[in-house]
Amino acid sequence: MLAGLARGALVRSLLIQGSWNFRLLIGGGFAWMMIPALRRIHGEDAEAAIARHVEPFNSHPYLVGIAVGAVIRMEEEGVDPETIRRFKAAVRGPLGSLGDRLVWAAIRPTLLLLALLAWAVGGPPLWVSIGFLVAYNAVHLGLRWWGLQVGLSEGPRVARRLQEVDLARRAGRIGGHGAMALGVFCGVLVAGSLGMGLWGWVWTAAAAGGFGFGLIRGSLSIRSARLALVGAVVIITISGLV
Amino acid sequence: MGQFMVSRPIISGALTGWLLGQPLMGFTVGAFIELFSLVALPSGGTRLAASASGTVAAVATAAALPVPGAYPVAVVWGLVLAHAGGYGVEVLRRWNARRWAAVEEQGITAHRVTVTHWRAIALDGLRAAVVAGGGALIGRFAFRGVADLWPLDEAATFSVLLLFAAVDMGVLLKNFGGWHRRRVVFLFGIVVGVSIGMLV
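Those protein sequences? They're chains A and B, same order as listed. The letter at position 153 of the first sequence is residue 153 when you use our numbering, and the numbering goes up by one with no holes. The letter at position 114 of the second sequence is residue 114 when you use our numbering, and the numbering goes up by one with no holes.
Just so you know, not all the hints are guaranteed correct.
Unchecked claim - Here are some chain A residues pointing at chain B (derived, C-beta under 10 Å):
1. Ile84
2. Tyr136
3. Gly178
The hints are simulated quantities; they were obtained by calculation from the structure and are not laboratory data. We treat Cβ as the ideally placed atom computed from N, Cα and C, and that holds for glycine.
This is chain A alone, in the form it adopts within the complex (with noise of 0.2 Å):
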């Protein structure tokens, strides 16, 4: 029964997202992603349970699962209230930022590098783009079905099973595979700029150039990367006026 329960909590976690605010960030999600197993655990009592989880409540979507296996086994296990708000409260942190250093800072631009690649060495959109939503879904999937088990398997207990794991150096790894996808993506491209003659050696400095103004800014040179990007295009079409 728990593990039924928890399978269908999951599939509504795709959407736990949908409600995100500022007060609760997904804590209005996780409680709507909770009823069903809610109802079956309390029957009639599950309005009380319910609006027990519409409180402040964080995480990475995908390992999301990690909380919601050990919340539906302490529901079923009849573990006192405050001790899951505790619970909750103790995982929101590090599952969001786990997640985050995991899957948006590392698997997610290694895999869109991988497709960029691919499509800069002249492989065809159509297997690109399907190469990609494949490869990011296995892992996506993967990564909110182990989750679950470890939730399910571990309950409050689940920092220690992360602790094993370790996500964090895991993450790391994965940012070293993605530094060598953007070196071969950056060497397609200067390769592509040395046929170009003169032309392509001002072009490979001034990307050099704008690459270590990335590296040095880094999120602070965007802005100006991208007021640049517009004013360049406006003084081009302009020029084609003359």
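Following the hints, position chain B against chain A.
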């Protein structure tokens, strides 16, 4: 669908292009917007660019314009719309907060939780549709004459766009761990990439 990354520019661009009968154009515009979106980290309450709706509008705009001028115009238009659309996401998040506060005041029931959650999802869909549809309509009419003026050929146009994307690539290396930590694998990747590029 966003959870499955169908809303990423590289995918939403290809899909929009396919629907408009120009899949290659759609993919190309989407790929360039993707290059400018790679560094966005949607963590916590950061304001996100609405890249999917911006890309849909950009591809719909590009499909009505002559190439190669269509590419820079559409990419810039898509980025502007994505940025502006981010404010819409923020407004919606604040509205959602007020709705959830109202649910807590009125008394929390499963029905109210369900209605509040689904209404937020529906409004988000409406927001995205307004940005994408409005952006496409404005873009197709406003930039018709502009793309004609673009003086560069396709290769030079792509070079200009890639030049500005180089800044994003630098930020991305920083996100992957920075120069000191990643320089060996990055430089090795460059050597491999140049070799591959010369072979292709």
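Which numbered hints fail = Result: hint 1 breaks, nothing else.
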